[in-house]
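Spelled out from the first residue to the last, the chains are:
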Amino acid sequence: AQSVTQLDSQVPVFEEAPVELRCNYSSSVSVYLFWYVQYPNQGLQLLLKYLSGSTLVKGINGFEAEFNKSQTSFHLRKPSVHISDTAEYFCAVSDPDGTSYGKLTFGQGTILTVHP
Amino acid sequence: DAEITQSPRHKITETGRQVTLACHQTWNHNNMFWYRQDLGHGLRLIHYSYGVQDTNKGEVSDGYSVSRSNTEDLPLTLESAASSQTSVYFCASSEGILAGQETQYFGPGTRLLVL
Chain A
1 AQSVTQLDSQ
11 VPVFEEAPVE
21 LRCNYSSSVS
31 VYLFWYVQYP
41 NQGLQLLLKY
51 LSGSTLVKGI
61 NGFEAEFNKS
71 QTSFHLRKPS
81 VHISDTAEYF
91 CAVSDPDGTS
101 YGKLTFGQGT
111 ILTVHP
Chain B
1 DAEITQSPRH
11 KITETGRQVT
21 LACHQTWNHN
31 NMFWYRQDLG
41 HGLRLIHYSY
51 GVQDTNKGEV
61 SDGYSVSRSN
71 TEDLPLTLES
81 AASSQTSVYF
91 CASSEGILAG
101 QETQYFGPGT
111 RLLVL
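Chains A and B, in that order, are what the protein sequence lines are.
So that you can map any letter, position 42 of the first sequence is 42 in the working numbering, and since no number is skipped, the others follow by simple counting.
So that you can map any letter, position 97 of the second sequence is 97 in the working numbering, and since no number is skipped, the others follow by simple counting.
Chain A on its own, in the form it takes in the complex:
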């Protein structure tokens, strides 16, 4: 079974500083990778996803992530964060084959807190 590990449960940063949220997954085969964001008291929404092709994926709100197959990682980055980026971020993985059709396995989440 797939597993996803988010290496930091909480990440505090100052406004306008860069941030990296780390994600590693267990599968040695091809997978699809996702980052979702959850703002306080809301559901999750997609930030970005990697399906194939370029290993650098750009998403909404200035976020980007890099797929590294050899290290089975999909770290999320933003060069300059804003107070409004304060939220919980989830990494997720999906198998491309039919046996796990559309199912996501989520990491434990990383709470990003941006301080003024």
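Read the hints as simulated data drawn from the structure, not as lab findings.
C-beta: ideal position from N, C-alpha, C; glycine also.
Be a bit skeptical, because a hint or two may be false.
[What the hints assert, rightly or not] Below, simulated DMTMM-like cross-link-like pairs (lysine to aspartate or glutamate); rule was C-alpha separation at most 25 Å, straight line:
1) A:Lys-49 - B:Glu-95
2) A:Lys-58 - A:Glu-20
3) B:Lys-11 - B:Glu-59
4) A:Lys-49 - B:Asp-38
5) A:Lys-49 - A:Glu-66
6) A:Lys-69 - A:Glu-16
7) A:Lys-58 - B:Glu-95
8) B:Lys-57 - B:Glu-95
9) A:Lys-49 - B:Glu-3
10) B:Lys-57 - B:Asp-38
11) A:Lys-49 - B:Asp-1
12) A:Lys-58 - A:Asp-85
13) A:Lys-49 - B:Glu-59
14) B:Lys-11 - B:Glu-79
15) B:Lys-11 - B:Glu-72
16) A:Lys-49 - A:Glu-64
17) A:Lys-49 - A:Glu-20
18) A:Lys-69 - A:Glu-15
[Unchecked claim] Where chain A lies over chain B, by a calculated footprint (3+ residues, C-beta under 8 Å):
19) 13-19
20) 38-45
21) 69-80
With the hints as your guide, set chain B onto chain A.
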């Protein structure tokens, strides 16, 4: 605009009672999912459906059931609520055409407290 809604948004119930959480989507999506969110565990899949009359168990399905009688709705039933089922429940849907590649769209969540 298409959306996915959940009701109620907050629910307090007693141990042993049957509880049903509603999920309704107007995306006309084939796939629907129920997750629970607990601190330190992220989101865990309870049940999912690929279409009308189709339901499948996820990793934490014990004590829960679902039924899919139409495309729009996937109600989640707690047969006999337990304190361990206190959690935040999220419903999600996806189009169901491109296996594994699709974005899931999430509802706002239902916060359930079992006393």
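These are the hints, each one checked on the structure:
Between Lys-49 of chain A and Glu-95 of chain B the alpha-carbon distance is near 16 Å, which keeps this suggested pair within the 25 Å criterion. Restraint check for Lys-58 of chain A and Glu-20 of chain A: the C-alpha separation of about 14 Å stays at or below 25 Å, so the hint holds. Our distance criterion of 25 Å between C-alpha atoms is met by Lys-11 of chain B and Glu-59 of chain B, whose separation comes to about 24 Å. Restraint check: the Cα-Cα separation between Lys-49 of chain A and Asp-38 of chain B comes to about 24 Å, which is no more than 25 Å; the hinted pair holds.
Our distance criterion of 25 Å between C-alpha atoms is met by Lys-49 of chain A and Glu-66 of chain A, whose separation comes to about 10 Å. This hinted pair does not check out: Lys-69 of chain A and Glu-16 of chain A have alpha carbons roughly 30 Å apart, beyond 25 Å. About 22 Å separates the Cα atoms of Lys-58 of chain A and Glu-95 of chain B, which keeps this hinted pair within 25 Å; it holds. Pair hint Lys-57 of chain B plus Glu-95 of chain B holds up; C-alpha atoms about 19 Å apart against a cutoff of 25 Å.
With a C-alpha separation of about 21 Å, the suggested pair Lys-49 of chain A and Glu-3 of chain B falls inside the 25 Å cut-off, and the hint holds. Distance hint between Lys-57 of chain B and Asp-38 of chain B is fulfilled; the C-alpha atoms sit about 19 Å from each other, no more than 25 Å. About 23 Å separates the Cα atoms of Lys-49 of chain A and Asp-1 of chain B, which keeps this hinted pair within 25 Å; it holds. With a C-alpha separation of about 16 Å, the suggested pairing of Lys-58 of chain A with Asp-85 of chain A holds against the 25 Å cut-off.
Between Lys-49 of chain A and Glu-59 of chain B the alpha-carbon distance is near 23 Å, which keeps this suggested pair within the 25 Å criterion. Simply put, Lys-11 of chain B and Glu-79 of chain B have alpha-carbon atoms about 15 Å apart, close enough for the 25 Å limit, and the pair holds. With a CA separation close to 22 Å, the supplied pair Lys-11 of chain B and Glu-72 of chain B stays within the 25 Å bound. Between Lys-49 of chain A and Glu-64 of chain A, the direct Cα distance comes to roughly 10 Å. Compliance with the 25 Å bound is thereby established for this hinted pair.
Distance check on the hinted pair: Lys-49 of chain A and Glu-20 of chain A sit about 16 Å apart at the alpha-carbon level, within 25 Å; holds. Using a Cα cut-off of 25 Å, the hinted pair Lys-69 of chain A and Glu-15 of chain A is violated, with the two alpha carbons roughly 31 Å apart. Given as covered by chain A, the region 13-19 of chain B fails the check, having 0 residues with a CB less than 8 Å from a CB of that chain where 3 are the minimum. With a threshold of 8 Å between beta carbons, the proposed coverage of the region 38-45 of chain B by chain A holds, since 6 of its residues qualify and at least three are required.
Proximity of the region 69-80 of chain B to chain A, defined as three or more residues with a beta carbon under 8 Å from a beta carbon of that chain, is not established by the 0 residues found.
In summary, the structure is inconsistent with hints 6, 18, 19 and 21 from the numbered list given earlier, while agreeing with the others.
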